[in-house]
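Trainee: Required output: the full structure, derived from the provided sequences and hints.
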Amino acid sequence: MKQSYLTLPYQYIADSPTTKSYAKWQIFEEYLQNPRRAARLGVNEKLLYVKPHLKIPTDVAPHEQEADWPINIDTRLPAFHFQNLSTSTTIEIRGEEKVLLIKKPLSDTYSAHLNIYLEGKASATLLLLSPEDSEGLSTLSLNIQTVKDAKAKISIILIDSPKSATALFKATRLDPNSTLKETHILIPGRTLHLESETFLDQENATYILSYAVATPQNRSASIQTSAYIKAPRAIADIRLAGISHNGELAHKGTIRIHKGSQEARGKLSSRLIPLTPQSKVYAAPTLEIESDDAAEAQHSASQSPLDPAKLFYLQSRALTELEAKRLLLMAELNKVLPEDAKREPLVQKYLELLLASLEINIDK
Amino acid sequence: MSKTELLESLTLSDISLDSLKVRPKLSLRGRISRSLVEELSRAKKEPPWMLKLRLRSLELFEKLPTPNWLVGVEELDLEELTHYIQLGYERASSWDELPEDIRKVYERLGLPDIEKRALAGLSAQFESENIYLAFKKFLEEQGVILMDMSEAVAKYPDLVQKYFMRVFPPSDHKFAALHGALWSGGVFLYVPPNVRVEAPIEAFFFIASELESQMEHTIVVADEGSFVHFIEGCSAPLFKRYSFHNGMVEIYAHRNSHVKFTTVQNWSKNLVNFNNKRALVEEGAVVEWAEGSIGSKISYVYPSAILKGRNARVSIANITVAKGPVWKDGGAKVYHLAPNTQSEVISKSISSNGGVSVYRGLIKVARGAKNSTASVKCDSLIMDKESKAFTYPKNEVEEEEAYVVHEATTGRISEDILYYLETRGFKEQEARRLIVLGYVGDILGKLPFEYQMVFRKVLELEFEEIGGYA
Amino acid sequence: MENTGLKIEKLTVSVASRKVLKDVSLDVSKGEVVALIGPNGSGKTSLAFTVMGHPNYKVENGRILLHGEDITSLKPHERAYKGIFLVFQSPPDIGGLPVGMFLQEMTAKRGIEASINDISNALLEVGLSDHYLSRNLYEGFSGGEKKRLEFAQALLFKPQILILDELDSGLDIEGVRLLTGKTRELAGSGVGVLYISHNIAALRLLRPNRVVVMMNGGVVAEDGLEILDIIEEKGYQGLV
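Line order of the protein sequences matches chains A, B and C.
Each number in the working numbering comes from the position in the first sequence (counting from 1) with 766 added on.
Each number in the working numbering comes from the position in the second sequence (counting from 1) with 819 added on.
Each number in the working numbering comes from the position in the third sequence (counting from 1) with 345 added on.
For the record, the hints were derived by calculation from the structure and aren't laboratory data.
Since we're looking at a predicted model, the values are computed, not measured.
It cannot be assumed that every hint is accurate.
Stated by the list, open to error - Output of the computed footprint for chain A on chain B, the stretches with three or more beta carbons under 8 Å from beta carbons of chain A:
1. 1197-1208
2. 1212-1223
Stated by the list, open to error - Not everything, but these chain A residues come out facing chain C in the computed CB check (under 7 Å):
3. Ala1075
4. Ala1084
5. Thr1086
6. Ala1097
All residues carry an ideal CB built from backbone N, CA and C; glycine is no exception.
Mentor: See below:
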């Protein structure tokens, strides 16, 4: 295995005195210093509410393809990932629903790359359900492309074990006139580092990205969501609802609209809820707008506990304090989902799991 | 090509979003010698602690890394920088030396001759005006200390030492260190406990020459329960011979005091402006920063506040205009370190004719700062295809019982509003001007009235087709 | 019959060290409609919130009894479970919480079996179509819509004691007629009603059994409907 990735930095040199990366690089460093490919992979069967169509790695020799990656690899973690690939798979989904399961290494590292092509009314669900005793590192890259006029959906459900870690890199490109709605439901392990970059450089592409994240005790997540708009009438709408119960959660979101994107719209919103004194929540929403072509460019971030007026109202309706808290948290999570995702039973099930993982069992 | 011409010809059109990550590292030409600093201190007859501070700052300047986040400033000629400090004058010495466009603006603004000359830096006569003398006497009777910084260092060394570069130490960053080594001029203002100075103190009026120096250092100390409003700068364009300004303002608001600090700046377009501003806000105190900035080629200004005591409050209001190939980098930083602290930031920027406005902000709520609230609203208005706006806020919250909200909108002139105004008889350019004034309206209201008038006029000139200056 | 209904005994309550209720006593028996009126800031909503157990309202003296049981230290949800229902003057927006789902949760918690049909019917009864079921709770609702939905909740809740905080404000005349009529019906079936209002016309439609007047945090008068005439003629000052 090449060690050249060790010469690269984890992050770009700070571009201003206050630039900070919230990612817990030291946790990844533990794996990168002594890299070993995982011998055993597994899945938490209890959390598998649906039968997957494909389990990665596949038992049959996969149709290996070059890892197609549209982003420059100049930082350590992605460099390590692409030099350490165990699997590279291409999946084409035409107008149907597919559930993909990516197994988790019980120890050491497992790196997988997926090319996903979505056509028509395609729907992909990716499940990363770690066995409870796993201590391994998963690195995963997803190269997603919607094919012309697609009305596609992707759900990514990641439930990591307390001692494991995941790094997820996602590059998404939308063809003209296509729509992609992505929903992520994430419970990180020791740490999760996620970089999602979406390129809307074709006309009329619409992209809605929703995140529901929970960081319980001793868990952290740094989530970077970026949308780059380079074409007229493209729409990017990124929303994140994150709840921290003694954990750490950082959301860095970027909306970038280039010149020539007439009537494009970019929106980013971040709602972070710290539930306890030890919880840490960081938001860094960014807008980079060139020229006056964009019809809309805005972002909002709010970090505050649950509204006591709303909690009281719910309690006056016979809900206990705990029940009121849970209901209100669920409402916050649901607020970021697009309508059709809200109605999916699988999504609701995993949201319940997310809430449960926070272990809000005691009334304060 | 002279340095000035070089700066003026710098176009920012080649700064596209893609190239933002790749930036040339700033190179420093020449050196600042230790002996220069010693000579400077000696000439000002400074006490040993000040010389020590200067020398320590010089050391830090040499050690600290060069920031690579500066845009458009590729080379800093340290020798040229020190040239003006040595000579001790930084202003134009004749009316003709003023650029044509600045002279035109003064004429359009209709300023009286003496003001014109003062603005142009040609006159140091203001200090002898009678009104000024009467006010100064009144302040002295109240125990208010107001004098230029060098004088204060000499007359009240212990008092000044208590505060000089305490909230903004030279170790903070390379330019703070440079400032510490070479500072000159500026104002020291001390208001004793429970004294309320109701009339705003307009610094420019008093000590014009000192404030115009390249690295002026201003300290405002409001002792317990006092109130003061300090205004610096001026809306009409100021011409400076030097091209790099590195000033510093430190505010110390003691318990239950109230400080309003207003800066209106319109540097000429050959200037790179750095302004280090920070306030330390104690229990129950309030600090209000209001900044109106037009002009300068490149500017970096981030008023900041450390809310140290419980119930401390700060409000920061910025209007920034980036017209033409300029880079205006500004924002606000607030650190909530105690319970019940409040901060409010409103920032409005306008980019036109290829200008770039950047907002960089930080709201940090430390654990234990219970019941703190922070609200940030940063809006940008992009007037045309060539202009840009970048917004980089950060909210770091480590306290669960805190309320932090942030909103930013980058917009353009609304076609609907333009059309409506045109149906009411306004020509397109006039309509645009109205919209711009409406956009900055609520922040403009925070500036003192006379400044509002001039600022408004200058804004109007900026956005007119004919006249104004590019 | 003695121990039924709501009994408020000499309540003195403060909010953030400011006294909002001074020695207030008031009874609402089963099947009774008691109107509570008074100028703005007289303490009517404070009384409602105190009975509901709002954490900001600190009882310094006195107690609240429900059917003879002292509920003064019970939590809000416990009081709700025992049958006290408050129609809020300004209910909060809770985005992300669909009305239908909320109503199902609420009735389940109360121990009431309510099918989707029952819920739809409750909405229809107050003049709201069932498309409100999929809307988020109070998001984008007009004042009148909020009042109607609050009342629909009351219908589903089957309360013992119903406190209505300014039900009629923001409601059109048809709505006022409809909901005051339904209030009377609920009283007829044994619910004790405390009707807080400013609206003399609505009160006349309601025909309460008793009218209690509060001013400056205390009760200043208690009588029949004649009080309304005095107030219409001379204002609240006419009672002093």
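Trainee: Which of the numbered hints above does this structure break?
Mentor: none
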